[in-house]
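Student: Residues per chain are reported as follows:
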Amino acid sequence: MKIIYILSILLFLNGILIILLKRSFIYILMGIELSLSSLSFLLFLTSRILGNPDGEIYAIIIFGISAAGVAIGLGILINLMKKKGTQEIEEFKDLGK
Amino acid sequence: MNEILLFFMIISLLTSYYIIFSKKIIYSVLSLFLIFISISILYLLLGSPFLFISQILIYAGGIIVLMLFAIYTVGIKETEGINLKEGIVAFLLNFLIFFLIANILKNYPFPKKIISFKMDFIFDKLLKDYLIAFEIVGLLIVIGIIGTFLSVREK
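In order, the protein sequences belong to chains V and H. Quick note on numbering that gives the first Met the number 0: the first sequence kicks off at 0 and runs consecutively. Quick note on numbering that gives the first Met the number 0: the second sequence kicks off at 0 and runs consecutively.
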């Protein structure tokens with residue numbers, strides 16, 4: 000059980016790695032989703048280890064939040080593709096001007 | 000039992016490394032689908048059928064399909080690979096943080112047998128103690144979808 004717990008922390012860190020290394024918008028969304036998914040798995044596992052059902056309920060709530068997040072993110076992606084014609088985030092440096 | 004859990008965990012880890020090194024977006028999204036299915040099987044094996052079903056419904060059925068829809072709509076196929084210098088530094092930092100956390104958890108006493116809850120107990124708690132949080136999450140999803148619709152539509 001301990002090795003599953005530790006490896007799910009590595010899965011969370013890999014989600015952060017995708018966000019840091021990839022230069023494209025859709026990969027950043029994928030990294031956020033992977034991090035949130037492994038985080039809810041960690042909460043669930045912690046609730047099973049400690050014998051407290053609160054962690055499982057937090058996992059259910061995180062599911063809803065990540066679904067709302069990806070809907071907004073894909074809306075932003077479609078708007079950016081309309082405006083700039085690309086999704087590489089290096090091109091969006093002058094967006095605030 | 001523990002070996003099956005380890006097998007699915009290692010599948011999801013290897014697939015996450017594939018996402019980092021892959022350049023084709025469709026393959027990466029389908030790999031993410033494999034990760035979500037593996038995590039949902041972990042939920043089932045650890046004794047929570049509700050989280051198994053909701054993981055498949057929300058992540059595999061909702062998020063992946065939405066991502067594939069958006070990718071095909073805007074027509075993007077490939078992306079640039081990772082920068083080698085940044086990649087080495089980020090991987091080293093990643094493993095450093097991981098080994099620090101693993102070192103902390105090394106001496107923590109984990110129980111041999113995990114505690115399972117009955118489904119009606121969880122729902123009783125969700126709809127009594129956490130009712131306002133649950134409703135606000137539902138409201139958040141509706142507001143997110145309406146906001147996305149308003150921002151994407153043609154004027």
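In short, the hints are calculated from the structure, not lab data. One or more hints might be untrue.
[As the list claims (entries may be wrong)] Here are some chain V residues pointing at chain H (derived, C-beta under 7 angstroms):
(1) Met0
(2) Ser23
(3) Ile27
(4) Ile31
[Unchecked claim] 25 angstroms max Cα-Cα, derived SDA-like pairs, lysine to any residue:
(5) Lys124/H / Ile2/V
(6) Lys23/H / Ile3/V
(7) Lys92/V / Lys124/H
(8) Lys23/H / Leu42/V
(9) Lys76/H / Ile27/V
(10) Lys83/V / Ser150/H
(11) Lys1/V / Tyr107/H
(12) Lys124/H / Ile64/V
(13) Lys76/H / Leu41/V
(14) Lys83/V / Leu99/H
(15) Lys23/H / Ile2/V
(16) Lys127/H / Glu90/V
(17) Lys81/V / Ala70/V
(18) Lys23/H / Pro52/V
(19) Lys82/V / Gly80/H
(20) Lys117/H / Lys92/V
(21) Lys84/H / Ile88/V
(22) Lys81/V / Glu85/H
(23) Lys105/H / Lys81/V
(24) Lys82/V / Glu85/H
(25) Lys81/V / Lys127/H
(26) Lys124/H / Lys81/V
(27) Lys124/H / Ile61/V
(28) Lys1/V / Ile70/H
(29) Lys76/H / Lys1/V
(30) Lys83/V / Val73/H
(31) Lys112/H / Asn51/V
(32) Lys127/H / Lys83/V
[Said to hold, decoys possible] Far from chain H, some chain V residues (derived; all Cβ distances over 12 angstroms):
(33) Arg22
(34) Phe40
(35) Gly63
(36) Asp93
(37) Leu94
Cβ coordinates follow ideal geometry from the N, Cα and C atoms, glycine included.
Student: Which hint numbers does the structure go against, in order from smallest to largest?
Tutor: 3, 4, 5, 6, 7, 8, 13, 14, 15, 16, 18, 20, 22, 23, 24, 25, 26, 28, 29, 32, 33, 34, 35
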